[in-house]
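Chains A and B are the protein sequences, given in the same order.
The opening residue of the first sequence carries number 4 in my numbering; numbering runs sequentially from there.
The opening residue of the second sequence carries number 4 in my numbering; numbering runs sequentially from there.
Keep in mind that the hints were calculated from the coordinates and are not lab data.
Possibly wrong hints are sitting among the right ones.
When chains are identical, the list treats them as one kind, so a pair holds in a single copy or across two.
Unchecked claim - Below, a list of computed lysine to any residue pairs in the SDA-like style, where the Cα atoms sit at most 20 Å apart:
id	residue 1	residue 2
1	Lys266	Val84
2	Lys250	Pro163
3	Lys135	Asn195
4	Lys59	Ser267
5	Lys64	Glu54
There are 2 protein chains.
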Amino acid sequence: MEAMTEEKILSFFQGCIPTDFSSRTQTQANRILRLFAKVREELLQELQKIEGAEFKLDTWKRAEAFTEDHSFLGISFVCIVHAKNPHVPAGHFNLRILVMKLNDGAEVGWYGGVMDINPSYLVPEDATHFHKTLKDMCDKHDASYYPRFKKWCDEYFFIPHRGERRGLGGIFFDNLTSEEEENFSFLESCSNTILPAYLPILKARMCDTYTDQEMVWQQFRNGRYTEFNLMHDKGMKFGLQLSGFRKETLFASLPLTASWGYKSDPEPGSREDELVQVLRCPQEWA
Amino acid sequence: MEAMTEEKILSFFQGCIPTDFSSRTQTQANRILRLFAKVREELLQELQKIEGAEFKLDTWKRAEAFTEDHSFLGISFVCIVHAKNPHVPAGHFNLRILVMKLNDGAEVGWYGGVMDINPSYLVPEDATHFHKTLKDMCDKHDASYYPRFKKWCDEYFFIPHRGERRGLGGIFFDNLTSEEEENFSFLESCSNTILPAYLPILKARMCDTYTDQEMVWQQFRNGRYTEFNLMHDKGMKFGLQLSGFRKETLFASLPLTASWGYKSDPEPGSREDELVQVLRCPQEWA
Numbered sequence: 004m005e006a007m008t009e010e011k012i013l014s015f016f017q018g019c020i021p022t023d024f025s026s027r028t029q030t031q032a033n034r035i036l037r038l039f040a041k042v043r044e045e046l047l048q049e050l051q052k053i054e055g056a057e058f059k060l061d062t063w064k065r066a067e068a069f070t071e072d073h074s075f076l077g078i079s080f081v082c083i084v085h086a087k088n089p090h091v092p093a094g095h096f097n098l099r100i101l102v103m104k105l106n107d108g109a110e111v112g113w114y115g116g117v118m119d120i121n122p123s124y125l126v127p128e129d130a131t132h133f134h135k136t137l138k139d140m141c142d143k144h145d146a147s148y149y150p151r152f153k154k155w156c157d158e159y160f161f162i163p164h165r166g167e168r169r170g171l172g173g174i175f176f177d178n179l180t181s182e183e184e185e186n187f188s189f190l191e192s193c194s195n196t197i198l199p200a201y202l203p204i205l206k207a208r209m210c211d212t213y214t215d216q217e218m219v220w221q222q223f224r225n226g227r228y229t230e231f232n233l234m235h236d237k238g239m240k241f242g243l244q245l246s247g248f249r250k251e252t253l254f255a256s257l258p259l260t261a262s263w264g265y266k267s268d269p270e271p272g273s274r275e276d277e278l279v280q281v282l283r284c285p286q287e288w289a
Numbered sequence: 004m005e006a007m008t009e010e011k012i013l014s015f016f017q018g019c020i021p022t023d024f025s026s027r028t029q030t031q032a033n034r035i036l037r038l039f040a041k042v043r044e045e046l047l048q049e050l051q052k053i054e055g056a057e058f059k060l061d062t063w064k065r066a067e068a069f070t071e072d073h074s075f076l077g078i079s080f081v082c083i084v085h086a087k088n089p090h091v092p093a094g095h096f097n098l099r100i101l102v103m104k105l106n107d108g109a110e111v112g113w114y115g116g117v118m119d120i121n122p123s124y125l126v127p128e129d130a131t132h133f134h135k136t137l138k139d140m141c142d143k144h145d146a147s148y149y150p151r152f153k154k155w156c157d158e159y160f161f162i163p164h165r166g167e168r169r170g171l172g173g174i175f176f177d178n179l180t181s182e183e184e185e186n187f188s189f190l191e192s193c194s195n196t197i198l199p200a201y202l203p204i205l206k207a208r209m210c211d212t213y214t215d216q217e218m219v220w221q222q223f224r225n226g227r228y229t230e231f232n233l234m235h236d237k238g239m240k241f242g243l244q245l246s247g248f249r250k251e252t253l254f255a256s257l258p259l260t261a262s263w264g265y266k267s268d269p270e271p272g273s274r275e276d277e278l279v280q281v282l283r284c285p286q287e288w289a
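Modelling step: build the complete structure from the supplied sequences, incorporating the hints.
Put into structure tokens, the structure is as follows:
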């Protein structure tokens, strides 16, 4: 595929905005696409430097989205990092708007998002850095945000049959009305906080040496990540329900490899167990 | 753990039969446990020879099962083989009885079972051998069984979001009343058909050489197997709902390792694609 300039990518997505929405919704959608394009570009630059290679670009259109009257418009930005090195926590960042068209023709929209990290080993200063960066950002908007959204995140990522969370959490929010200008400003702040929250951790851990045993443990953690995504994740369920949704995109959220063990619970007091303890009882990190 | 004789294992399980069921149900339960103990022993002998090592025995009791009035009694025999060699199909065999206690105190029971194979590569003579062995067994009981149970199996293992089945199927049956003596006889025949249906395939393929590419493909197939089990399998859902059910047992049904790819659909016409075609459109093998 011919390389697409950033501008072309943006206009590709802008060309996907259905014209049967109000001009107000179309304007909002355009503004969000510009925001996501900017964040995408910044993340891409940093992650490509780390990867030492250019990422490939795939664009696709959901045929069904162009054949019917639209009942909703969804725009979602997702960045997920699963690193080979077991000392680098998986990072997950999802920001979105959902606009519903009501029966009377009115359009209502909400912002939502998730930002969380999923390490195989607990490094308290990393957890603190991540949560503190999110908290500082939240506090600039509303002092109630971080405590509420942090709790929501811990609840969302709970895997009931394991009695533990997928990772160390972060923030999870939803239903912030797009009527409020301040809420777009919050979404903007979230977008701009992905790099400062995650990159320092990624850079600090990516050159750590690791053992075979640590890789095995990472694979077990990937197994739990997979269990959560396949059994509980709402984004996965939403995507699977959407007729014609692209499977490659949906399943790209999973780790590349995962494994399951029999009686593989870590030794009490081990570094592996140290992580499991905080997955069972979430801590305050900021 | 001290080695348990076969007799001790059987009496361990017999000791688990709750005494608040009718003597008729208790007698049935005892008979099924004897059947399963016999099949277990036969399978164990053969599989241990192949593995070249003794399997470990774990026994456990679900605490909750002994603290309440019983609304049901379930006995299930499960044998699952996930081989390292990508030319050996995973084998899955599950036979069971479920007895429900009705409000009026009456007890009704049903037999059910699944026997299916899940190869990474299609070997038509293996598929034919497996299905023909099951069909011959079924036909001795009821000529309608194989066609019905084969279709049921193809339907059960469908993964909707992939548009393909987990494997090449076999038979799936349920709701065969335990009132009918003939139905126990069918369960007995199923038990005795696991080895003749599966072992020749396992033995024929286990020494095949394989390439790295074939192992990669097996891992993708394991990914689909995992998707089915975590997202659709009723046994998994049942086990997770049962308070205090042992997770190690439940998740032992998964392959040890699995992986997911991006745009990893096989080349049209390749051996990998040949399998996918029959997973999309199940064939008649017998």
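To see whether the hints hold, each was checked on the structure:
no., hint, result
1, Lys266 - Val84, "between (28 Å within a copy, 18 Å between copies)"
2, Lys250 - Pro163, "between (26 Å within a copy, 11 Å between copies)"
3, Lys135 - Asn195, "within (15 Å within a copy, 62 Å between copies)"
4, Lys59 - Ser267, "between (37 Å within a copy, 15 Å between copies)"
5, Lys64 - Glu54, "neither (28 Å within a copy, 50 Å between copies)"
When held up to the earlier numbered hints, the structure conflicts with hint 5 and nothing else.
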